[in-house]
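J.: Build the full structure now, drawing on both the sequences and the hints.
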Amino acid sequence: EAAVTQSPRNKVAVTGGKVTLSCNQTNNHNNMYWYRQDTGHGLRLIHYSYGAGSTEKGDIPDGYKASRPSQENFSLILELATPSQTSVYFCASGEDWGSGAETLYFGSGTRLTVL
Amino acid sequence: GDQVEQSPSALSLHEGTGSALRCNFTTTMRAVQWFRKNSRGSLINLFYLASGTKENGRLKSAFDSKERYSTLHIRDAQLEDSGTYFCAAESGGNYKPTFGKGTSLVVHP
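Chains A and L, in that order, are what the protein sequence lines are. For the first sequence, our numbering gives the first residue as 1, with consecutive numbering after it. For the second sequence, our numbering gives the first residue as 1, with consecutive numbering after it.
Simulated from the structure, these hints should not be mistaken for laboratory data. For every residue, glycine included, the Cβ atom is placed at its ideal position computed from N, Cα and C. Among these hints, one or two may not hold up.
To give an idea of the interface, some chain L residues facing chain A are shown, with a C-beta separation under 8 Å as derived from the structure [what the hints assert, rightly or not]:
id: 1; residue: Gly41
id: 2; residue: Ser42
id: 3; residue: Phe86
id: 4; residue: Phe99
T.: In structure tokens, the structure reads:
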């Protein structure tokens, strides 16, 4: 069974602090994604990756960095956390079927609160 | 087991026809969302329902919390409807949705 594991599940940070959200997948998928979920906005794409060493900007990359050191791991980094980054963050890995079709496997989410 | 079971996993339609995607839930859900993924990975929010039905153009969604399911109906399918569709459901006061595994839709001429 494909698995995507996020850590931590909950995090409280202070404004200006550094936060790293981790994601690990055992699916051997090339594609990985970071989204944030906010009321009224649905899921918005922050960064994504096509494989180890690759990171690409999504729709709302400002204030975030990403790192893909290996096929299995994809991290989201907030160098200087702000209260506006309080949200629920989801990681996903993608099984590419070709012809633009892709199944996403989501982690269970990380709730981040920035005070 | 999975809380959200989405079906079918893949669907092929001819232009102009229609079909329904379904998500069944193993527990009572508070609300459901439907998304469509574009080629880059962005998830476009189609519907958010706490109950009842909503319609937008050729898409219509229904959510029955008591019967533990939600559907997304597509009518008069067009080539540009091709893509992967996801449902995500929230249970209780968690507000962290659980996602279905997606339905890959291909619309043929």
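J.: Which earlier hints can't be squared with this structure?
T.: none
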